[in-house]
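*Asks:* Here is what each chain is made of, one letter per residue.
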Amino acid sequence: MAQKTKFIEQARVLTNEALSKDVYRMVVQSPQVVAACAPGQFVMVRLNGAMDPLLRRPLSIAGADLSSGNLTLIYRVVGRGTQQMEALPVGARLDVLGPLGRGFDITGSRLLLVGGGIGLAPLLFAAERRCPQPVEVLAGGRTKEELFWTDLFQQSCKQVHVTTDDGSLGLCGACTDALPELLAKGEYDGVLTCGPRPMMQRVAALATMAGVRTQVSLEEHMACGLGACLSCTCGAADGGSRQVCKDGPVFWSEEVDWS
Amino acid sequence: MAQKTKFIEQARVLTNEALSKDVYRMVVQSPQVVAACAPGQFVMVRLNGAMDPLLRRPLSIAGADLSSGNLTLIYRVVGRGTQQMEALPVGARLDVLGPLGRGFDITGSRLLLVGGGIGLAPLLFAAERRCPQPVEVLAGGRTKEELFWTDLFQQSCKQVHVTTDDGSLGLCGACTDALPELLAKGEYDGVLTCGPRPMMQRVAALATMAGVRTQVSLEEHMACGLGACLSCTCGAADGGSRQVCKDGPVFWSEEVDWS
Amino acid sequence: MSGCLQTELAGIKLRTPLMAASGTFGFGEEFLDFIDQADVGAIVVKGMTREPRKGNSGRRMAETPAGMLNCIGLQNPGVDVFLREILPQIKRLDTPIIVNINGNVQEDYAYLAEVLDASGVAGIEVNISCPNTRHGCMAFGVIPETAAEVTAAVKAKTKLPVIVKLSPNVTDITEIARAVEAAGADAVSLINTLVGMAIDTRTWKPVLGNVVGGLSGPAVKPVALRMVWQTAQAVKIPVIGMGGIATANDAVEFLLAGASAIAIGTANFVNPQAISDIAAGLASYLEQRQIGNVSQLVGQIKTGE
Amino acid sequence: MSGCLQTELAGIKLRTPLMAASGTFGFGEEFLDFIDQADVGAIVVKGMTREPRKGNSGRRMAETPAGMLNCIGLQNPGVDVFLREILPQIKRLDTPIIVNINGNVQEDYAYLAEVLDASGVAGIEVNISCPNTRHGCMAFGVIPETAAEVTAAVKAKTKLPVIVKLSPNVTDITEIARAVEAAGADAVSLINTLVGMAIDTRTWKPVLGNVVGGLSGPAVKPVALRMVWQTAQAVKIPVIGMGGIATANDAVEFLLAGASAIAIGTANFVNPQAISDIAAGLASYLEQRQIGNVSQLVGQIKTGE
Ligand SMILES: Cc1cc2nc3c(=O)[nH]c(=O)nc-3n(C[C@H](O)[C@H](O)[C@H](O)COP(=O)(O)OP(=O)(O)OC[C@H]3O[C@@H](n4cnc5c(N)ncnc54)[C@H](O)[C@@H]3O)c2cc1C
Ligand SMILES: Cc1cc2nc3c(=O)[nH]c(=O)nc-3n(C[C@H](O)[C@H](O)[C@H](O)COP(=O)(O)OP(=O)(O)OC[C@H]3O[C@@H](n4cnc5c(N)ncnc54)[C@H](O)[C@@H]3O)c2cc1C
Ligand SMILES: Cc1cc2nc3c(=O)[nH]c(=O)nc-3n(C[C@H](O)[C@H](O)[C@H](O)COP(=O)(O)O)c2cc1C
Ligand SMILES: Cc1cc2nc3c(=O)[nH]c(=O)nc-3n(C[C@H](O)[C@H](O)[C@H](O)COP(=O)(O)O)c2cc1C
Ligand code: FES
Ligand code: FES
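Residue numbers (our numbering), protein chains in the order written: chain A, 1 to 259; chain B, 1001 to 1259; chain C, 2001 to 2305; chain D, 3001 to 3305.
What the hints contain is simulated information worked out from the structure, not anything from laboratory work.
There may be inaccurate statements among the hints.
[As the list claims (entries may be wrong)] Once the Cα atoms are required to be at most 16 angstroms apart in a straight line, the calculated EDC-like pairs of lysine to aspartate or glutamate come out as:
id, chain 1, residue 1, chain 2, residue 2
1, D, K3236, D, E3181
2, B, K1004, C, D2033
3, A, K4, D, D3200
4, C, K2054, B, D1165
5, C, K2091, C, E2051
6, C, K2302, D, D3200
7, A, K4, D, D3036
8, A, K246, D, E3029
9, B, K1246, C, E2149
10, A, K4, D, D3033
11, D, K3054, A, D257
12, B, K1144, B, D1165
13, D, K3302, C, D2200
14, B, K1004, C, D2200
15, C, K2159, C, D2200
16, C, K2054, B, D1238
17, D, K3054, A, D238
18, C, K2157, C, D2200
19, A, K246, D, E3181
20, B, K1246, C, D2033
21, B, K1004, C, E2029
Isolated chain A (complex conformation) (with noise of 0.2 angstroms):
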C-alpha cells in the first residue's frame, strides 16, 4: 500500500486560550499530522465521541511545530461545535484528522499575504514556514480587538500592514483598500489570500492587473474532507468542477470560477 499521507489522531490538549473576545487558540499533540502538513492544509476536527453534533469541523492549519509536534489552531467560536471546542480543558482529547487538501505554494523571492479576520489563521502558518526568509502581511479586521493578529505576525514578517474597518487600528476601511498602493511599490512575485470570498475575488483581480500571480483559499460546506462526499464542489474557470476539501482549499486565482 503506498505511503501514509492522512492521519487520525487523538491530539491531546496542551493550551486552548482566548485571543479575542470570540477567536481562541488552541495548541494540541498531533505530531503526525505535524510531520506531514504544509501551510494551507486544513484538519476535520471531532469534538465527541457522541452523535450531537455529528460531523467533523474543517479547521485551517494555524501553525505546526515539528520539533514538538504541536499543532496550532486558531478558531473563532460561531455555532455548537467551536462552542464544544472552546470548553474543552487541558489534557482533554481532540480528533484531528488530517493533513487535508493541496496548500500554498510558498516559493517565491517576494510573498504578500492579504487576510481578512479568521481567513489569516492559515496564512500565520505561512509566514511561519518561510522563516527566516521575510513575508509581508495585509490583514484586514473589524476592529483594534483583532490587534491580536499583528503581534501573532510580527515574529515572522518583514513587514505587517494592518487595516480596520472602524479605522481603530492602521488604516481606516477594507484591506483591499490598502492593496493597490502596496502592489504599486511592492514588486512581489506572488500574493496569498484567505478570507470572505468577495474580498479575496477583489484581491486576486488587484494583483493580477499588477501582474501578480494570487493564490486563494476558498471555504465550503464539508461532510467528509477526503473528496468522498462531493459537498463541497465548486466551479473551475474550465467550465468542470473541483472539490475544495481536495484539489483546494488552496487555488489559483485563474483556476476559479468566480462568477
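Following the hints, put chains B, C and D with the ligands in place on chain A, whose structure we already have.
*Replies:* Chains B, C and D with the ligands in isolation, oriented as in the chain A frame:
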C-alpha cells in the same frame, strides 16, 4: 399557582470520585432540590446541551444536606450517559430536575433496609435521615469490591449486615439468604428494599411471612419523570396501573402486581 | 410579550402559537411547576379512546440518536372518566384544551366527537396516525379514502373545530391532507411519529414490547419540516407543525415553512420549560426584526431564486 | 478474523458483510489511508449516469441532529469516463465493485446495465430512490409497477447480480420490494435517504440549494431497521441493510433484523475508519458468543413471546 414542589437547577459539581471500579459518587450544589426532597425520591439529570444523548437519566437521591444544599448521587457507569457523568470535572454544571416521585415512609421504630448493589443508594439517604435513630441495613453485593457501602452506612446505622455472592465479604450468597434469620430475631416494624426486582420480590415475600410490611423501590425506563409520557407504567395489585415516576418509585409491596 | 405571539387557529384563540403535543404533556398539570400558562397556546391531551385502555405491555420507551421510540399504546382512562374527573380539573388552567381522539372503527371516532361536542373543550384532534396499536388507527391515516371518511364522520357529530393528525409514514402526505380537507377538516396537524424499531443485541429481542414504536424528537425534524412545507402548499386549511421542535429557531423554521401554529412534544421531556423558553425566544426573534405579530412569519420561506 | 465474517450475496463473494454505501466512499481510494481493504466486503461507487453530471448548485450539505441532509444531485463523470479512467484504477483494490446506476428514463437504466455487463464489476445497484434530482429517479421507486419495469429492463441487459435500492419515502416498502423481486431483482438494498429540509432563519431561504435533501446518519437508524425487518420477511431475495449504521452494535441489529449484508454511509465521514472498526467489533461479538460465521445472525431476531 400552587407552591412549587419540583425544580430545575444547573448544579455545580463539587466532587466526582470513584467508590469502586465502576461506581462513582458525585456531590452537586442543588439547594432547591435538597430543601424539597425526601428519601426514596429521585432526580432526572441532563448531561449536556447537545441532543445526543437526548433524554435525562433518573438517579436516586443518595444524600441531601440541608445546611450546605449539597446533593449526593451514587451511580454505576453502564452506558453513554453515566460515562459522560463520570467525565464531568469539578466546577462543571449538571442539569438536575427534581425531586421526583414518592419516597419511603421512614417512620417506625425498627427499620431494616435491604439493598442489592446500586440499589443501596436511596437506602443510604433513608438511613441518614433517620439519624440519630438507628436503622439496620442488609447490604448485598457481588464481591468485596463493594465494601465501600459498608463504610458509607457505618456512620448512620446501628448494624450493617453484609452478604456477597462470592463470600469475599460477610456471608456468602444473596442478601435474601441472610434475611430469614434477621427477620426472626429482629422485631422490625418495617422493611425498605431497593435492588433487582426478583430480589425485592423475595424480600417482600419473606418479610410479609414474618408479618413485617415492606416498601419496594421500582425501576422503569423513563422519558419525562413527571407522569406525562406514560413510559414507566407498571401493573398494580388492584388490576390497575401506576406510573413509577410519579406514584412511585416507592410502593408498598402489596400494591405491586409481581406477576 | 405584548401579544406579538397572539394568534388564532380554526377559530381557536391562542395566546401563543405553541401547543403541547398529544401524549407528551399529560393533562397539563404535570408541568405547572415549570411553565407559565400564558406561554401555552393550547394543550392537546393524551390520546383518548371510547373505553379505558391499559396500553402496551413490556418496555415502552427507548432512546435513539437525537430521538426516542415509544409504544405507549394509547393508555388512557377512557372518555367518560376524562369528562367526569379530569376535564373539570384542567379547565381551571384556562388554556384551550384540545382532545386527541382514537378508535378502532369509524364509529368510535363518531362517538367520541359526539360526547365531546358540548363538553367545553376547544377542539378535537383526530388521530388517524397512531403507530402503536395493532389494529386500526394508523391504517385509517395512510389511505386517502378512509382518512376522509373518518373526518366526515367526526364533522357530522360536532361543531367544534376538527384537526386531523396526519401520519408521516406515507408516500405522499399532501394526498391525505387534501382528502381530509375535502371531507371538512378545519385544520391538519403533522407529523405524528415515524415507525421505527430497535433490537437488543444481548437478547436478540426487540427492545420495545410492541416490537415497533414511534420515532420522535430532534432526529425527525428535517422530515417533519419538509412535510409541513409540502402540506402547507397543498391545502388552504391551517397546518399545525410538529416533529422535533426543541428551540425557538426550530419553531421559526416551521412557521416559515407554512405552519400557522406548532406543537412541542419530546422536547418537554428533555426540558420541562421548553414551551416557555421557546415562547421567549420567539418573541425576541420578532422584536429584533420589528415584526409585529408571529403570523407574519407563516409561510414566508423564500424558495424562488 | 479467520473468515468468520466471510459471506456471499447474490453470487458475490464478500470478505465481510460490510459494504461502503454509494455516494459516501468516493471510488474507494479516498479511504486507503484508513481502511484495511480486507475489512471491506464491497464498494458501491457513487451514482452513475449515462452522461456526465455536474450535480446541484448551491449548498449541498447541512448537518441535522445526529444526521445530515445532502443534495449532491448525482455529480459524476458519466459511465464512459468511469469505465475508461476510473474502473481500471480501482480494480487494483481487489474489492468487489458494485456500480450504482441512475437515470431519468427507463432506457437510461437499460443502457447503463448493458455497458457495465462485461466491464468486470461485481454487480449493479439500481437506484430508483434518489431524492435529489428534480425529474425522475425517485419517482420510479415509489410506484410498484414502474419499479418493476426498471428492474426488468436492467435484468434484460445484464447477467450481473442486480440489486435494487429502495426508497424509504413510501407507505409500504414491502410492496415495492415484492414487485422488484417478482421482476427478477437478485437483491434489494435499503434504505436510501429520507426526504427532509432545513430553513435558514436569518435569510428565510432553504439551507440547501435544492430546497429539499436526503436525510442520513444515526438519526434515521430506527426507521431503517424497521424497514429492513419488514422487507426481510416479505421477500426471499437477500436484503442489504443500511441507514445510520455507525457501530458494530448497529451492524448486529441489522443482521438480526434480516439483512444478509449491510452498508455503511455517513459514518465514513465521521470516522474514516468506521468500516474497519465495525469489522473488528463484529468479529469479537461473534467470538464472544462462539458463533462461527456472521451469516448465523441473519434474521435471528426473536419476536415471538
Ligand atoms: C477549509 C476550511 C478551513 C477553515 N479554517 C478555519 C479556521 O482556521 N478557523 C475558524 O475559525 N474557522 C475556519 N473555518 C470555518 C469553520 O469550519 C466553521 O466556522 C466551523 O465549522 C463552524 O462550526 P460550528 O459547529 O461552530 O458552527 P455551526 O454553524 O453549528 O456548524 C454547523 C455546520 O456548518 C458547518 N459550517 C459552519 N460554518 C462554516 C464555514 N464558515 N465553513 C464551512 N463549514 C461551516 C459546520 O462545519 C457544521 O457542519 C474553515 C472552513 C473551511 C472549509
Ligand atoms: C427511579 C430510578 C432511580 C435510579 N437510581 C439510580 C442510582 O441511584 N444509581 C444508578 O447508578 N442508577 C440508578 N438508576 C438506573 C439509571 O437510571 C441507569 O443506570 C441510567 O439511566 C443509565 O444511563 P446510561 O446512559 O449510562 O445507560 P444507557 O444504556 O446508555 O441508557 C440508555 C437509555 O436507557 C435508560 N436506562 C438504562 N438503564 C436503565 C435502568 N436500569 N433503569 C432505567 N432506565 C435505564 C437510560 O435512562 C436511557 O434512557 C435508577 C433508575 C430509576 C428508574
Ligand atoms: C411518549 C409519546 C406519546 C405520544 N402519544 C400520542 C398520542 O396519544 N396521540 C397522538 O396523536 N400523538 C402522540 N404522540 C406524538 C406526538 O404528539 C408528536 O406528534 C410527535 O412526538 C412528534 O413531535 P415531537 O418530535 O416534538 O415529539 C406521542 C409522542 C410521544 C413521544
Ligand atoms: C453525501 C451522500 C451521497 C449519496 N449518494 C448516493 C448515490 O449516489 N446513490 C445512492 O443510491 N445513494 C446515495 N446516498 C445514500 C446512501 O448510499 C445511503 O443509502 C444512505 O446515506 C443511508 O445510509 P447512512 O445513514 O449510513 O448514510 C448518498 C448519501 C450521502 C450521505
Ligand atoms: S467534503 Fe466531502 S468531498 Fe469535499
Ligand atoms: S417517565 Fe414519563 S410518565 Fe413516568
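*Asks:* All hints, please: hold or fail.
*Replies:* So, going through the hints one by one against the coordinates:
Straight-line distance between C-alpha atoms of K3236/D and E3181/D comes to about 8 angstroms, which keeps the hinted pair within the 16 angstroms bound. This hinted pair checks out: K1004/B and D2033/C have alpha carbons roughly 5 angstroms apart, not beyond 16 angstroms. Under the criterion of a C-alpha separation no larger than 16 angstroms, the hint pairing K4/A with D3200/D is inconsistent with the structure, at around 39 angstroms. The suggested pairing of K2054/C with D1165/B is violated, with an alpha-carbon distance near 38 angstroms, which exceeds 16 angstroms.
With a CA separation close to 22 angstroms, the supplied pair K2091/C and E2051/C exceeds the 16 angstroms bound. Between K2302/C and D3200/D the CA atoms are separated by roughly 10 angstroms; this keeps the pair inside 16 angstroms, and the hint holds. Between the alpha carbons of K4/A and D3036/D the distance comes to roughly 12 angstroms, so the proposed pair stays at or under 16 angstroms and holds. Of the pairs offered as hints, the one joining K246/A and E3029/D holds, with about 12 angstroms between alpha carbons and a cut-off of 16 angstroms not exceeded.
Taken as a hint, the K1246/B and E2149/C pair is broken in the structure, with Cα atoms around 39 angstroms apart against an allowance of 16 angstroms. Of the supplied pair hints, the one linking K4/A and D3033/D holds, its CA atoms being roughly 5 angstroms apart against a limit of 16 angstroms. For a cut-off of 16 angstroms, the pair hint linking K3054/D to D257/A stands: about 14 angstroms separates their Cα positions. Between K1144/B and D1165/B the CA atoms are separated by roughly 9 angstroms; this keeps the pair inside 16 angstroms, and the hint holds.
For the hint linking K3302/D to D2200/C, the alpha-carbon distance of about 10 angstroms falls within 16 angstroms, and the restraint holds. The hinted pair formed by K1004/B and D2200/C fails the criterion: a straight-line CA distance of about 39 angstroms is larger than 16 angstroms. About 47 angstroms separates the Cα atoms of K2159/C and D2200/C, which puts this hinted pair outside 16 angstroms; it is violated. Restraint check for K2054/C and D1238/B: the C-alpha separation of about 13 angstroms stays at or below 16 angstroms, so the hint holds.
For a cut-off of 16 angstroms, the pair hint linking K3054/D to D238/A stands: about 13 angstroms separates their Cα positions. Simply put, K2157/C and D2200/C have alpha-carbon atoms about 45 angstroms apart, too far for the 16 angstroms limit, and the pair is violated. Restraint check: the Cα-Cα separation between K246/A and E3181/D comes to about 40 angstroms, which exceeds 16 angstroms; the hinted pair is violated. Distance check on the hinted pair: K1246/B and D2033/C sit about 14 angstroms apart at the alpha-carbon level, within 16 angstroms; holds.
Taking the CA atoms of K1004/B and E2029/C, the gap is near 12 angstroms; set against the 16 angstroms cutoff, the hint holds.
Against the hints set out earlier in the document, violations occur for numbers 3, 4, 5, 9, 14, 15, 18, 19.
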